[in-house]
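Residues per chain, in single letters:
There are 2 protein chains.
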Amino acid sequence: MAVRVKGFRAGGIWAGIKKRGKKDLALILSERECTLCGVFTQNTVRAAPVEFSLKRITRGRGRGVIINSGCANACTGREGLKDTETIVREAEKTAGLPRGSLLTASTGVIGERLPARKIINALPRLVSAVSAHGWPDCAEAIMTTDTYPKLVHTSVRLSRGVINMVGVAKGAGMIEPSMATMLAFIATDAHIERAPLERALRRAVEVTFNAITVDGEMSTNDTVIALANGASGVSIRQTTQDYTLFSELLRELAGELATMIVRDGEGATKFVEIELKGARTPEEAKRGAKRIANSLLVKTALFGEDPNWGRIMATLGTAGIRFKPERVAIDVCGIRIVEGGVSTGRAKEKEAKRRLKRKDIEITIELNAGRHSTKVWTTDLSCDYVKINASYRS
Amino acid sequence: MAVRVKGFRAGGIWAGIKKRGKKDLALILSERECTLCGVFTQNTVRAAPVEFSLKRITRGRGRGVIINSGCANACTGREGLKDTETIVREAEKTAGLPRGSLLTASTGVIGERLPARKIINALPRLVSAVSAHGWPDCAEAIMTTDTYPKLVHTSVRLSRGVINMVGVAKGAGMIEPSMATMLAFIATDAHIERAPLERALRRAVEVTFNAITVDGEMSTNDTVIALANGASGVSIRQTTQDYTLFSELLRELAGELATMIVRDGEGATKFVEIELKGARTPEEAKRGAKRIANSLLVKTALFGEDPNWGRIMATLGTAGIRFKPERVAIDVCGIRIVEGGVSTGRAKEKEAKRRLKRKDIEITIELNAGRHSTKVWTTDLSCDYVKINASYRS
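Line order of the protein sequences matches chains A and B. Residues 57 to 450 (the numbering used here) are what the first sequence spells out, left to right. Residues 57 to 450 (the numbering used here) are what the second sequence spells out, left to right.
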């Protein structure tokens, strides 16, 4: 199926930032001005493109995004910010857009300057390369250690017609070796104002990109941008049934992209869903689930296919959440191995061990302390993770 | 040099908790009633021996500690607490002590019951085995995945005479595979009241055992207990020069034991000292340093001997501390590789890379945001860590 969203063009080329002809420069362009909003890293150390886009996005309108991989342009000081400004300005000129039209994002090694001249020289080629069918090239050009491009396309019939939505993302977890790390761009031809779009985006990000973790690291460059150009002619207002459907679509698409990122986690041999139930508050649910997802001892046990629930209990106890250990129940792949805070016996544990040989694992923890639940997605931790991250720059 | 602290006897035997005749039961006994205080895990999930000792230590006086390895008696419910109570009571009877004389600690696998009958049967042998020279056996009997016993002995001349101090510890970092994890016992023949002893102990623990991390895990059983029996005849009062010397001695001894734990870290190939300077508050200094020490990306880079400062910057930015990235400086083994938040160039980085081949690594981060500093000690993260922790129970 051809990926297409009305009024959008996208593409990706090799500009020479990466070695050996691998695509490293991408452009997403709307034929008309569109609504724009974004969610950015909470890291105190923010890359130049994040600083740039954060300022510019306050307008809420624009024409697109230029993205490079191979260099994060993070920890590069004032010169780094100037590089970003120059490149965006030149891209706008080359594409015949007014100043202030483009946002930007970068991903790659931290601490190195962008090869601005190479990128500027490649802009005419980039602008001619974008097309309505160029999304796969775009997805490829934003990859770093990803082993496959991440592209999702969907559409839905609303009360006034069909809208299309496409999303591209990169990231092999939040885990990349000084690669700065997770980017996603979602474009739709729906017509929607900034406030409802931003609300739908923030809610979607919270339960998708913000609910995955591979190693608990947060990058200097994390960026999610949504673009809506209205080219479908279908208008969406908040508080309507259409808005609910649109928000669900956005959440599903973001969820698929987030899942693709986890499945591409460096060295991962397992895809793990952790559900924490019965917490006192939504925050405690998330904190507890994330803590377990980031525990080295839990992750290495999963790699070893060992239903080592003692590690889950010990980790829960350090998460700063309120619960009584003697009320906790734990299920691994549908087998209840802990009840009332203690083991349910060797037979159950043996069955759980057998099921841990699967690639997709579900762990459910019932705290019995309240009525809030959450799900997060993660990977195991393998020797390959260590090898990849120990040798990355050498 | 023979390890001896006046009026204390110690020892360790095999009771059959572990396999193959490895020592697993230890006893520390004071000939007279002594001052006792302790510091215990902050984990919400606390093992039965921790619950037991927490209650009993409020008295501040007692005769000693019985310790077992091979089983943590954690997540074992009411039965687990009963096992602990029975064993301690039987040990007191066997040693001819009044009820309420002994504290206890356990370390080993979480979620399994103690073999109470085996332990009780071994008590007469244990009580006959303790002697003034039995500290090495005691140190050996509390080991789990430790590759060597951890024993430190020291003495100092105070204004009124010489006091002796001995410490034993176990733990291969805070990292053990569902082994519950770090225990230390420090005995001195000084005479000191509970309040000043506890104050000195808490301060010492803060900058030693609480300043080490191997994988950011906190156990259900962590326990540090200090015993002071006054058998040297040397009395120490707070606000004296002697108290200052005593506190320093205690801190040094705890520091040596903590260092031994880090050096025995599972799979560790490096011993890493991280100093964070120029933080706004002591809490922020510690939070920042610990965050870096626990970062998988920093630890795998150290394993790979790669001065990947971008990972340090990115991690700092997620620690929830106040600083300006453009004021940060980073030294690796004495080489300044970051100044003003940016690289000092390839040559410096190359030299730092060369020095990272050493086993002992120092990383200094200057935030230039305030005047508070701290040091923490950690290891790198190697493939062996993953292997050890993936296969532990299988």
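Read the hints as simulated data drawn from the structure, not as lab findings. Any given hint could be a false lead.
A pair holds if it fits inside one copy or across any two, identical chains being indistinguishable in the list.
Said to hold, decoys possible - Derived DSS-like pairs (lysine-lysine); straight-line CA-CA distance at most 25 Å: (1) Lys406 <-> Lys443; (2) Lys413 <-> Lys443; (3) Lys415 <-> Lys443; (4) Lys111 <-> Lys415; (5) Lys409 <-> Lys333; (6) Lys380 <-> Lys404; (7) Lys149 <-> Lys111; (8) Lys333 <-> Lys443; (9) Lys409 <-> Lys74; (10) Lys443 <-> Lys431; (11) Lys62 <-> Lys409; (12) Lys413 <-> Lys78; (13) Lys78 <-> Lys409; (14) Lys78 <-> Lys415; (15) Lys415 <-> Lys62; (16) Lys415 <-> Lys380; (17) Lys62 <-> Lys174; (18) Lys138 <-> Lys149; (19) Lys380 <-> Lys413; (20) Lys333 <-> Lys431; (21) Lys415 <-> Lys138; (22) Lys406 <-> Lys75.
(message) I want to check one pair: Lys413 and Lys443. Are their C-alpha atoms no more than 25 Å apart within a copy, between two copies, both, or neither?
(response) Close inside one copy (23 Å) and across copies (17 Å); limit 25 Å.
(request) Give the relationship of Lys333 and Lys431 under a CA distance limit of 25 Å: within one copy only, between copies only, both, or neither. (result) For Lys333 and Lys431, only the intra-copy Cα distance (9 Å) is at most 25 Å; the inter-copy one is 38 Å.
(request) If the cutoff is 25 Å on CA atoms, where do Lys409 and Lys333 land: within, between, both or neither? Let me know, please. (result) within (22 Å within a copy, 46 Å between copies)
(request) Could you place Lys415 and Lys62 in one of the four classes (within, between, both, neither) given a Cα distance threshold of 25 Å? (result) neither (38 Å within a copy, 59 Å between copies)
(message) Reference check for the pair Lys415 and Lys380, CA-CA at most 25 Å: within, between, both, or neither?
(response) Answer is neither; intra-copy 32 Å and inter-copy 43 Å both fail.
(message) My question is about Lys380 and Lys404: at a cut-off of 25 Å on alpha-carbon distance, are they close within one copy, between copies, both, or neither?
(response) The answer is within: 23 Å in one copy meets 25 Å, while 52 Å across copies does not.
(request) Evaluate Lys111 and Lys415 at a C-alpha cut-off of 25 Å and name the case that applies: within, between, both or neither. (result) neither (42 Å within a copy, 45 Å between copies)
(message) Checking an output row: Lys406 and Lys75, CA cutoff 25 Å. Within, between, both or neither?
(response) The answer is between: 22 Å across copies meets 25 Å, while 49 Å in one copy does not.
(request) Indicate which option fits the pair Lys78, Lys415 if close means a Cα-Cα distance not exceeding 25 Å: within, between, both or neither. (result) Close neither inside one copy (30 Å) nor across copies (38 Å); limit 25 Å.
(request) First find the shortest C-alpha distance between Lys415 and Lys443 inside one copy, then the shortest across copies, and answer within, between, both or neither for a cut-off of 25 Å. (result) both (21 Å within a copy, 19 Å between copies)
(message) If the cut is 25 Å between Cα atoms, do Lys62 and Lys409 qualify within a copy, between copies, both or neither?
(response) Cα proximity of Lys62 and Lys409: none, with 49 Å in one copy and 51 Å across.
(message) Reference check for the pair Lys62 and Lys174, CA-CA at most 25 Å: within, between, both, or neither?
(response) Neither: 31 Å inside a copy, 76 Å across copies.
Going through the hint list in order, the structure does not satisfy hints 4, 8, 10, 11, 12, 13, 14, 15, 16, 17, 19 and 21.
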